[in-house]
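K.L.:
Just so you know, the protein sequences line up as chains A and B, in that order.
Mapped onto the numbering used here, the consecutive letters of the first sequence carry residue numbers 1 to 343.
Mapped onto the numbering used here, the consecutive letters of the second sequence carry residue numbers 1 to 268.
Everything labelled a hint here was simulated from the structure, so no lab data went into it.
What you are looking at is a predicted structure, and each value in this text was computed from that prediction instead of being measured.
There's no promise every hint is true.
[As the list claims (entries may be wrong)] Taking lysine-lysine and the DSSO-like style, the derived pairs with C-alpha atoms no more than 30 Å apart in a straight line are:
#, chain 1, residue 1, chain 2, residue 2
1, A, K8, B, K119
2, B, K238, B, K266
3, B, K120, A, K2
4, B, K55, A, K147
5, A, K2, B, K187
6, B, K119, A, K7
7, B, K120, A, K7
8, A, K245, B, K55
9, A, K2, B, K119
10, B, K120, A, K8
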Amino acid sequence: MKILTLKKVLTISLLLTLLLILVVLLSVMVGSVRVDPVRSISILLQSLLGLTGTETEMERTIILSLRFPRVLLAGLVGAGLSVSGVIFQALLRNPLADPYILGVSSGSAVGAIIAIFLGLSALSFGLPLASFAGALITIGLVFYFGKQEGKIHPNILLLAGVITGSFLSAIIMFFLSISQKEELHTIIFWLMGDFSFANPRAIGIILPYIVAGFLILYWKSRHLNLILSGEESALQLGVDVERLKIVSYLCASLITAASVSLCGLIGFVGLIIPHSARLLFGPDHRLLLPASALIGASFLIASDTFARTILAPVELPVGVITAAFGGPFFIYLLRKRKVVKTL
Amino acid sequence: MIDLRSVSFRYRQDWVLQDISLRIERGEFIGVIGPNGSGKSTLLKILCRLLSPQKGEILLEITSLSEMSQREIARKIAVVPQEAYSLFPFRVIEMVLMGRSPYLGHLMFEGARDFEIAKKAMDWTETLSISERFIDELSGGERKRVFIARALAQEPEVILLDEPTANLDIHHQIDFLNLILNLNREKGLTIAMASHDLNIASEYCDRLILLKGGRIYKMGPPREVITRENIEEVYGCKVWVDENPISGMPRITLLKKEERSIEARKRD
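Start from the sequences and build out the full structure, keeping to the hints where you can.
P.N.:
The following block contains the structure:
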């Protein structure tokens, strides 16, 4: 009989980390200027150790100022959205749930669009801050609407989230219909998800949210397993279910808000990575959470690299790539009826 | 073992349970019977604090249930659910190991001792051979056994069962009840079971609690509780009660409309 052990979790996490490092190195190399692999690695290592080597200044700038921060951000966002997707699917007991299902995304979009309209996007953190604020306000509203008698009922919360999201979508549509050409371009790229907004310094700002959120969720990972068989069942096995739900919803929502604030609404990652990771490693959150984070990071980095190289010098929004790969792949999983057997 | 002292409970408006006082002794096999909506399930849920009563007090040995943590309760009282499914299915062994949860801290993995306890529980319930199967691939009877195994892995002193024989064929009903009876007789576990099947309750339980509208209508050994008068009064339908010729316990036969006149004649 095989049971999950710490050793297994560490081994798989290590292997997926190696895969992630490989994807990072490949992505840093390719682009309009190719930097060969040995030089890329040596530039990264040198910067870590504070040395300077024989590489040209241009190569150093491309790797360290342009590509590496972008790859780092894509990895962070991929991990964040995947982890948040795992949590929403478990708590809402809905295989179609994703990080955006409670309307967090629409809230952050409204924030971002208002910032674009007011010209705040010219300020260094104007756009992400406005988007983050929009997301936080939405989270607050949805939980206020979704609570009944001090308790969170998944279906009521889901409805509150979907309705709030629809209302905010109407606001988004309104702004789209009155916007000028140059604003429209920025807005649409933001709505599809795009890393060219990335401000290297901003990574440092969202990192704590995503890392802290992940650690808290991992702390609760065994209890999240129990809640998959129902709230009563979890309660009866000694889990403080209401606290678990509030903490997990808030962490997952904050991770989502932080993730989308810098790069817009990247779709599909938070839906397909959790399912794929479950197929590969099973539903136990002690393994599923780190595995989803690492696979999600690799997937989004690879997608973004495609997005900026496939039609170079034109850059596509990364959301186009994730949807183009993710959609058909998800249909394939559904057709094989492997995602959820009860569907 | 468990002492209920004038316990009342309501969800919103109306009292679902009213002024329930009873003692469940250690090692007892107790049955809770009564019509739909009489409060059977609510009573079980109150016994493991899935619900907390607004009035009255429940003592587990000498400690009030309201002063215990959910984890402490889970080490003493296990529940076998009517039907439970998991959105993303686990393997049987993983499911049984979840019974160890009340003994594990955050971030902890089940150790060798937990594994041994789970294996023993699966041995008792004859689920060792299906330990690698997914929970949603099992038949209803197999799934029931897995949930008993999970309950045993909690190493409880009391097991609560809600409608344990619902959806099982007669073969699996008997298998399952004999397993429960074994746990009661050989392991000394205290059992409380809510059931719609009066004949099963009569055969297996030491003592029955007959609920009507949230109050205890009658409590005592099956012979005193399952009588024609009590059942007709509480359930509001005509029945025939005689003795099971093998066990000598009361046995109920439901009567069709046209059989009622025959029953009346037979009674004279």
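K.L.:
If a hint holds in the structure, say so; if it does not, say that too.
P.N.:
Checked hints:
1. With a C-alpha separation of about 21 Å, the suggested pairing of K8(A) with K119(B) holds against the 30 Å cut-off.
2. Annotation: proposed proximity of K238(B) to K266(B) holds, straight-line Cα distance about 14 Å (limit 30 Å).
3. With a C-alpha separation of about 16 Å, the suggested pairing of K120(B) with K2(A) holds against the 30 Å cut-off.
4. Restraint check for K55(B) and K147(A): satisfied, since their Cα atoms lie roughly 26 Å apart, inside the 30 Å limit.
5. For the hint linking K2(A) to K187(B), the alpha-carbon distance of about 28 Å falls within 30 Å, and the restraint holds.
6. About 21 Å separates the Cα atoms of K119(B) and K7(A), which keeps this hinted pair within 30 Å; it holds.
7. A threshold of 30 Å between alpha carbons decides the hint, and for K120(B) with K7(A) the separation of about 24 Å falls inside it, so the pair holds.
8. With a C-alpha separation of about 28 Å, the suggested pair K245(A) and K55(B) falls inside the 30 Å cut-off, and the hint holds.
9. Under the criterion of a C-alpha separation no larger than 30 Å, the hint pairing K2(A) with K119(B) is consistent with the structure, at around 12 Å.
10. With a C-alpha separation of about 24 Å, the suggested pairing of K120(B) with K8(A) holds against the 30 Å cut-off.
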